[in-house]
Amino acid sequence: APPQFEHWSGAGLTTYYHPGINLKKIHYYSIKLFEQLEAETGQAVGFHQPGSIRLASTPVRVNELKYQMTRTHWHPTPQFLIGPEKIQQLFPLLNMDKVLAGLYNPGDGHIDPYSLTMALAAGARMYGAQIYYPAPVTGLTPTADGRWDVQTPHGTIRANRIVNATGFWARELGQMIGFQHPTIPVHHQYVVTATVPEVKALEAELPVIRDLEGSYYLRQERDGLLFGPYEKEEKMKLQDSWIRDGVPPGFGKELFESDLDRIMDHVERAMEMVPVLKNADIINIVSGPITYTPDLLPMIGPHQGARNYWTAIGFGYGIIHSGGVGKFLSDWIVSGEPPYDLIECDPNRYAHWTSVPHLCAKARESYGFNNVVGYPKEERFAGRPTNRVSGVYELLKDRCSMGFHAGWEQPHYFHKPGDDSGYKPSFRRTNWFGLVGRECKLVMEGVGVIDLSPFGKFNVKGEDSHRLLDRLFANTLPKVGQTNISHMLTPRGRVYAEVTVTQTAPGEFLLITGSGSELHDLRWIEHEAADGGYHVSVSNVTDELGVLGVAGPKSRMVLQKLTDEDMSDTAFRFLHCRSMQHTHTHTHTTFISSQVFFFLVFQMNCDTNPLEAGLDYFIKLNKPAEFIGKQALLEIKAQGLSRRLAFLTLDTDDIDPEGNETVWHNGEVVGNTTSGSYSYTAQQSLAFSYLPLHLTHAGQKVEVELLGQKYPATVTQEPLVLTEPTRTRLQKKQRSE
1 APPQFEHWSG AGLTTYYHPG INLKKIHYYS IKLFEQLEAE TGQAVGFHQP GSIRLASTPV
61 RVNELKYQMT RTHWHPTPQF LIGPEKIQQL FPLLNMDKVL AGLYNPGDGH IDPYSLTMAL
121 AAGARMYGAQ IYYPAPVTGL TPTADGRWDV QTPHGTIRAN RIVNATGFWA RELGQMIGFQ
181 HPTIPVHHQY VVTATVPEVK ALEAELPVIR DLEGSYYLRQ ERDGLLFGPY EKEEKMKLQD
241 SWIRDGVPPG FGKELFESDL DRIMDHVERA MEMVPVLKNA DIINIVSGPI TYTPDLLPMI
301 GPHQGARNYW TAIGFGYGII HSGGVGKFLS DWIVSGEPPY DLIECDPNRY AHWTSVPHLC
361 AKARESYGFN NVVGYPKEER FAGRPTNRVS GVYELLKDRC SMGFHAGWEQ PHYFHKPGDD
421 SGYKPSFRRT NWFGLVGREC KLVMEGVGVI DLSPFGKFNV KGEDSHRLLD RLFANTLPKV
481 GQTNISHMLT PRGRVYAEVT VTQTAPGEFL LITGSGSELH DLRWIEHEAA DGGYHVSVSN
541 VTDELGVLGV AGPKSRMVLQ KLTDEDMSDT AFRFLHCRSM QHTHTHTHTT FISSQVFFFL
601 VFQMNCDTNP LEAGLDYFIK LNKPAEFIGK QALLEIKAQG LSRRLAFLTL DTDDIDPEGN
661 ETVWHNGEVV GNTTSGSYSY TAQQSLAFSY LPLHLTHAGQ KVEVELLGQK YPATVTQEPL
721 VLTEPTRTRL QKKQRSE
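One point on numbering: in full-length UniProt numbering, the residue at position 5 of the sequence shown is 5, and numbering is uninterrupted.
FYI, nobody ran anything at the bench for these hints, they're computed from the structure. Keep in mind that the hints are not guaranteed to be accurate.
Simulated crosslink set (EDC-like; lysine to aspartate or glutamate; CA at most 16 Å straight-line) [to be verified]:
| hint | residue 1 | residue 2 |
| --- | --- | --- |
| 1 | K710 | E668 |
| 2 | K232 | E213 |
| 3 | K554 | D569 |
| 4 | K232 | D261 |
| 5 | K637 | E612 |
| 6 | K630 | D470 |
| 7 | K66 | E658 |
| 8 | K235 | E365 |
Assemble the whole structure, with the sequences as input and the hints as a guide.
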């Protein structure tokens, strides 16, 4: 079922735009589907495509639009930065006093949600789908072979898999099998006016406008106007009783009682921006439930903890996600892997730490954040901390700026008395820039300790542990007491996950992955273990094991003071692991470059293969085991690559890349950055970028777009900072000479 409010009476907005990267693909597919649906099914869908404009009325908002443009040039999405003259031409009823610029998406518009639902149902029946309605689910029973018995008043359906797509009933359905999905309905209102003479007189339909500072959308509705605001978190309303008591029995097409007073601030802003509203008669105020998750993004994909249980829930954005998500899930189910990377919507990003108070606080915050400035490296502070804090949290919380990672609080940077501290987001370098530089200098010249406890950590053991991991990983397995970096690939040879693998004892392995992919990766491992019938034990020990990274040239000296073990580089070598007794604790110590891990993990995902990412060293195509993706990689290697990951140095001013920026060459878009930052050691901006092969040789000049300006960049072959093993080898060579 689609999100129910949209199903019968939602505003039905459709847009190519999304501030993220991957969800643009969802929006794009939906619009292309809507455009052809009537011809395919014979059902009218009421699809209007007058375009839309996001209005910027402050300099910061203009920067936000420029920031979004560089993240869109390398997508097929039609999007343009336009000035006041073009905006007024497109929407002549605007008061232009404060308008500085706009983000224009031709092809945007709105669709009738009810007609769209009927057309999708008609199309599904055309191709053989069976739809039972009404058929409420009364029970879900898993079978021994991983299938499901779905109980309804009309009988039981045996299903190979189930997809929870039940809108604001999603949480109740999940509870049937032991899940507490973090979804909650919020009250969303929109206002519809009677005929407005100035609107009726227009020759063409007005584009949808989104007044970012006013926090509302407005579109034409017949010969009148429709506008819907997003109130601040202190004014918005949650339907939290449904969390406690469930959705009222029989609730279907009902609406909530409207409350015009709650949105009057936004009504006044809308009247200021579109003056004809002042004399318009309001004929309807619609208030209905929209399902929110803590971060506003939906939960799409297979769920960890239950075999063949999938979710498509929490669609705060509404009907625009319907077509793209249906296609995304269908492709994944049929092929066994996601068609492209969408990890930010992975349902497994939430876990036991997502309590009801946290959910309510974050949903309030996210609703109010609908139109706030979308800065890079954004932090949101509602509902924090959760119960997921490391052993050093209390010691450090007042001395640093904390970031939020999979429920954990993790130090981002430390501050001293007198420092310009606090959260001050910007599109350019901001208050933390110098403080982070100070830390880098200390670590590069001395030693630093990094709290890495949010890393996901799994123990795998049992008689088939070797065989399972040899199937999952493209690298060979490390020997006992050693560590390596390994990759789990999809059947198409794409990178599903990067994991640090350590064999702590014969047949016993410790796997470490990034904080954001903890349950995402665990589900993949458990799925293969169950489907392959492997005799193994896989346990999640993320919350039981703390992780401290000790880095810098004096790191061995510091560790030496804590143990009687020999910590010299000859006795305890790079990529080795040892269990040792420290002064106060017993611990596993792995000597591995966390810098290498961090750099690599951002360059790969389900949109890339390891060969184009330059990971050949970690991919053992000649190992005997038939690892997942091996045959696909052999074919990719035989066909040859069309692009490669390139390392760029940039000449910038007070701005640095962060990833997903457009790369230009000779006036043409040739690629995108995958990550970027300022290097305090090299004293310049760096980035990784996928480029066509002919542009990846050392010395090649390209341009990287940042906030609307193209900065010179140069492909650089060698790493600018040598790792410890390389430095040690060079030092030994120099001494011998």
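Hints versus structure:
Distance hint between K710 and E668 is fulfilled; the C-alpha atoms sit about 12 Å from each other, no more than 16 Å. For the proposed pair K232 and E213, the alpha carbon gap of about 12 Å is at most 16 Å, so the pair holds. Taking the CA atoms of K554 and D569, the gap is about 12 Å. The hint holds against a cut of 16 Å. Taken as a hint, the K232 and D261 pair is honoured in the structure, with Cα atoms around 13 Å apart against an allowance of 16 Å.
As the CA atoms of K637 and E612 are separated by approximately 10 Å, the hinted pair is consistent with the 16 Å bound. About 12 Å separates the Cα atoms of K630 and D470, which keeps this hinted pair within 16 Å; it holds. Pair hint K66 plus E658 holds up; C-alpha atoms about 14 Å apart against a cutoff of 16 Å. Taken as a hint, the K235 and E365 pair is honoured in the structure, with Cα atoms around 11 Å apart against an allowance of 16 Å.
Of the numbered hints listed earlier, not one is contradicted by the structure.
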